[in-house]
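With the hints as constraints, model all of the structure from the sequences given.
Listed below are the residues making up each chain.
2 protein chains.
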Amino acid sequence: MGKIIVSANTRFLFSASSETTQWAEEKFHEGVQKYPPAFREKNCNKDLLDKIEAWAQKQHADGISDMIVIGMGGSSLGAKALESVIRHEQIGREKTFLHFWEGSHPTAIAQVLHQLENRKVAALFVSKSGTTLESRTMLALFRQFFPESRVTFVTSHPEKIKDIQNEGEETFLIPENLGGRYSVISPVGLLPAAFLNGNIRTLVGHYYQAIDKLEAEIPFAENPAKKMALSYYKLFTSGFHTNVLWSYSREFHPFMDWIVQLWAESLGKNELVRALPVPAKGPEDQHSVLQYYMSCANEFIHTFFHVDTYGAYSIPVPEYPVISSGKSLWRILHSQMKSIEMALDKKDRPVIEFIASAPNIESLGKQMAFWMWLVTYLAALYGVNPYDQPGVELGKVICKEILSEDKIPENLSAAFEL
Amino acid sequence: MGKIIVSANTRFLFSASSETTQWAEEKFHEGVQKYPPAFREKNCNKDLLDKIEAWAQKQHADGISDMIVIGMGGSSLGAKALESVIRHEQIGREKTFLHFWEGSHPTAIAQVLHQLENRKVAALFVSKSGTTLESRTMLALFRQFFPESRVTFVTSHPEKIKDIQNEGEETFLIPENLGGRYSVISPVGLLPAAFLNGNIRTLVGHYYQAIDKLEAEIPFAENPAKKMALSYYKLFTSGFHTNVLWSYSREFHPFMDWIVQLWAESLGKNELVRALPVPAKGPEDQHSVLQYYMSCANEFIHTFFHVDTYGAYSIPVPEYPVISSGKSLWRILHSQMKSIEMALDKKDRPVIEFIASAPNIESLGKQMAFWMWLVTYLAALYGVNPYDQPGVELGKVICKEILSEDKIPENLSAAFEL
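If you're matching them up, the sequences are chains A and B in order. Heads up: the first sequence at position 141 corresponds to 141 in this note's numbering, and the numbers run straight through without jumps. Heads up: the second sequence at position 151 corresponds to 151 in this note's numbering, and the numbers run straight through without jumps.
Think of the hints as simulated: they come from the structure by calculation, not from any bench. Predicted, not measured: the structure shown is a model, and the values here were computed from it. Beta carbons are placed, not taken as given, at the ideal position from N, Cα and C, and that holds for glycine. Hints may be right or wrong, so weigh each one.
Claimed, not checked - With beta-carbon atoms standing in for the labels, derived distance ranges:
hint, chain 1, residue 1, chain 2, residue 2, range
1, A, S238, B, P318, 52 to 60 angstroms
2, B, T21, A, S325, 51 to 59 angstroms
3, A, G168, B, Q209, 55 to 63 angstroms
4, B, Q57, A, S325, 31 to 39 angstroms
5, B, E401, A, R143, 57 to 65 angstroms
6, A, A414, B, R274, 39 to 47 angstroms
7, A, L272, B, G383, 28 to 36 angstroms
Claimed, not checked - Once the Cα atoms are required to be at most 25 angstroms apart in a straight line, the calculated DSS-like pairs of lysine-lysine come out as:
hint, chain 1, residue 1, chain 2, residue 2
8, B, K80, A, K327
9, A, K327, B, K162
10, A, K234, A, K51
11, B, K346, A, K407
12, A, K234, A, K213
13, B, K80, B, K51
14, A, K3, A, K58
15, B, K327, A, K396
16, B, K46, A, K347
17, B, K400, A, K347
18, A, K234, A, K34
19, A, K396, B, K346
20, B, K347, A, K400
21, B, K51, B, K95
22, A, K407, B, K3
23, B, K80, A, K80
24, A, K162, B, K327
25, B, K327, A, K400
26, B, K327, A, K407
27, B, K347, A, K407
As structure tokens, then:
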């Protein structure tokens with residue numbers, strides 16, 4: 001599955017006394033008992049996988065080249081992370097395409113509508129509750145612009161979508177207890193992956209295997225998710241308040257966004273949690289935010305992701321007046337990451353590195369399992385519920401109020417004219 | 001140009017006593033005198049603009065449809081921000097395309113190479129120093145894959161690119177004193193904008209006009225950049241440590257990344273500066289990080305960006321079982337933003353809102369001028385140099401060392417196998 005390595009100055013924070021370990025184990029068991037992790041239930045059985053593959057084959061047989069995924073947050077981020085690694089090996093051979101309709105961005109919608117002229121299109125409506133405002137809005141537009149096209153529904157509440165479903169349209173279920181951000185290994189992520197011809201059996205297999213290896217019953221000493229949770233917890237309770245998640249593999253950039261949601265919504269529950277996740281893209285962000293992290297207060301943990309090999313994609317750089325001549329692009333990327341790690345390390349900033357074997361679906365499945373457990377264990381240490389998101393309800397209520405009124409209230413007052 | 005509005009709980013922080021104002025004015029003048037802002041020099045005269053437009057016309061006349069922009073950070077972020085708004089009005093009528101080669105990502109390069117088969121391609125090599133590692137590497141690849149194609153160079157050091165330049169290839173200059181992140185209104189941003197048929201004269205005109213209105217000589221009372229700098233400074237020195245920059249206009253998302261670099265590299269100079277910029281995308285990130293901001297400690301300032309109109313692109317939502325029926329997409333987007341602002345406000349989180357008139361080049365030019373001045377004035381209050389980036393040098397030195405050696409050093413040690 002890969003490994004985790006850490007900088008010298010961080011190492012001491014990774015060693016735990018037996019007393020601390022004991023305390024952590026108790027918290028882990030308490031947490032898992034109080035908030036049972038639904039993601040470890042193996043709902044994706046052979047029947048479901050057969051049904052999903054049959055669905056994908058039907059779309060392909062019907063000549064559908066483009067699937068519009070209508071969904072927000074947990075309904076889209078997992079599919080995007082999967083798309084990114086599935087695409088890695090399909091360059092130049094892509095036959096089917098996903099389009100994500102998330103926010104109500106006029107230009108984005110207009111752009112997709114234009115692109116899809118003269119193509120055969122279907123939609124996947126993904127909403128656990130069945131009532132998500134943005135998603136219903138997008139579906140209304142889809143029905144208008146593609147009146148003849150079919151929609152497949154993914155929800156926990158088939159009764160709530162009756163009013164927007166046409167006769168004969170298929171529904172896949174999200175298990176009721178499986179929260180959106182933990183739902184990627186369910187029809188939510190597997191339908192889009194299968195549509196792209198990703199190997200969903202391999203994905204599910206590696207995911208379940210990793211889930212089992214990190215179960216609450218596996219003791220601390222043999223459980224890297226528990227170890228990593230305690231290590232992060234110790235860092236966050238000793239003055240660090242932000243986790244910068246650097247991805248040095250472009251295929252994993254969308255996976256970082258997935259982690260950010262998983263982490264922020266699961267842990268962000270009260271004032272005692274000070275552990276903001278911030279994504280960063282390497283090497284690009286070396287040329288933007290790195291200056292800040294190198295020079296400002298030592299309050300940031302830096303977590304790096306990269307892959308061990310690009311196989312056939314490792315493109316060599318030709319002889320040229322550059323120091324990188326003769327090296328592969330992967331080697332250059334890796335050297336850049338290492339140099340930033342070393343520079344941060346020299347300034348005593350904690351550095352943690354995750355190594356995945358390759359930018360493929362096997363690695364991603366394992367990583368997803370790992371992060372679901374890690375975040376669950378971290379929540380247990382903080383004593384918070386990793387599966388709800390009460391903080392966002394207020395905004396939704398206000399939004400419905402505003403939309404049902406005639407005008408948008410002016411809650412803010414003028415400061416300056418520009 | 002638009003306006004800035006603030007939440008009730010933030011308002012008191014926006015009012016300054018005459019004593020504070022006096023102190024701030026002295027700091028502003030001191031800062032600007034010690035570190036003269038090169039961005040206010042009007043280098044883009046008629047001759048240069050003529051030359052840039054002639055260059056773009058020549059590319060078009062030669063049938064070049066695709067321009068690969070080779071550059072990192074300040075050499076690409078401005079062009080991306082411009083591309084995004086220029087595209088807004090060209091949907092379905094795009095004739096020329098930009099591709100950004102930044103990091104050494106094998107898959108990304110392979111993807112562009114595949115896309116560009118059978119198309120007429122040229123490159124724009126943008127490097128202020130002329131020696132940027134990533135950019136020279138990308139250029140080596142470009143020369144290999146497109147041996148017959150022409151490269152245009154943009155640099156402050158024409159003597160440093162002689163070894164990579166072919167005979168007859170054109171060079172445009174970046175003024176030596178104009179730092180990368182302040183260089184968008186120079187050939188760095190204007191060549192790509194002109195290639196896309198953006199109106200660079202309008203852009204430059206609005207930018208210079210806004211620059212003049214915010215000059216150090218314009219007193220505090222009439223200078224929104226000064227007012228805003230002092231307001232942010234007061235917030236950051238009263239316990240807030242992060243500025244969350246929410247863009248609710250997809251056209252301005254890349255502009256947020258531009259601000260992040262401008263802000264982080266200009267201000268991130270020492271441990272006394274605690275003002276991390278973090279970009280957020282609305283409404284998407286309502287479904288990811290918002291839970292954290294609503295429930296965790298009140299340490300984050302929320303700055304919102306939206307546009308006042310989408311004109312013809314404001315797509316109405318048809319009658320449908322949704323609360324948004326009959327509203328326009330812009331109205332929905334706006335209501336979502338307002339609801340989040342109101343929810344944050346109810347929990348006493350500081351909210352600041354920027355309103356641009358439309359997602360077009362006029363607004364962007366003005367906003368860019370505003371943020372350059374704002375960051376410059378903020379730097380003056382902190383007493384730091386907004387134009388250098390000493391913190392990133394160490395990483396560059398280490399990277400060259402690593403690349404010249406045979407193997408990558410193992411600086412980190414194993415923590416856990418996964």
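For each hint, the structure was consulted:
1. A/S238 with B/P318: 52 to 60 angstroms: Taking Cβ atoms as reference, A/S238 and B/P318 lie about 55 angstroms apart, which means the hint holds.
2. B/T21 with A/S325: 51 to 59 angstroms: Cβ of B/T21 to Cβ of A/S325: about 57 angstroms, so the range 51 to 59 angstroms holds.
3. A/G168 with B/Q209: 55 to 63 angstroms: Since the Cβ atoms of A/G168 and B/Q209 sit about 59 angstroms apart, the hinted range of 55 to 63 angstroms holds.
4. B/Q57 with A/S325: 31 to 39 angstroms: Taking Cβ atoms as reference, B/Q57 and A/S325 lie about 36 angstroms apart, which means the hint holds.
5. B/E401 with A/R143: 57 to 65 angstroms: For A/R143 against B/E401, whose Cβ atoms are near 59 angstroms apart, the range 57 to 65 angstroms holds.
6. A/A414 with B/R274: 39 to 47 angstroms: Cβ of A/A414 to Cβ of B/R274: about 28 angstroms, so the range 39 to 47 angstroms is violated.
7. A/L272 with B/G383: 28 to 36 angstroms: Since A/L272 and B/G383 have Cβ atoms about 34 angstroms apart, the given range 28 to 36 angstroms holds.
8. B/K80 with A/K327: 29 angstroms, violated
9. A/K327 with B/K162: 23 angstroms, holds
10. A/K234 with A/K51: 45 angstroms, violated
11. B/K346 with A/K407: OK: B/K346 and A/K407 at ~20 angstroms, within 25 angstroms.
12. A/K234 with A/K213: At roughly 23 angstroms apart (the allowed maximum being 25 angstroms), A/K213 and A/K234 satisfy the hint.
13. B/K80 with B/K51: 22 angstroms, holds
14. A/K3 with A/K58: 40 angstroms, violated
15. B/K327 with A/K396: The hint holds at about 17 angstroms.
16. B/K46 with A/K347: 47 angstroms, violated
17. B/K400 with A/K347: 19 angstroms, holds
18. A/K234 with A/K34: 23 angstroms, holds
19. A/K396 with B/K346: Holds. A/K396 to B/K346 sits at ~14 angstroms (cutoff 25 angstroms).
20. B/K347 with A/K400: With Cα atoms ~19 angstroms apart, B/K347 and A/K400 stay inside 25 angstroms; holds.
21. B/K51 with B/K95: 21 angstroms, holds
22. A/K407 with B/K3: The given pair, whose Cα atoms are some 19 angstroms apart, holds under the 25 angstroms limit.
23. B/K80 with A/K80: 22 angstroms, holds
24. A/K162 with B/K327: Roughly 23 angstroms separates the two Cα atoms, so the pair holds.
25. B/K327 with A/K400: Status holds; Cα separation ~12 angstroms.
26. B/K327 with A/K407: 11 angstroms, holds
27. B/K347 with A/K407: 23 angstroms, holds
Violated hints, listed in ascending order, are 6, 8, 10, 14 and 16; each of the other numbered hints is respected by the structure.
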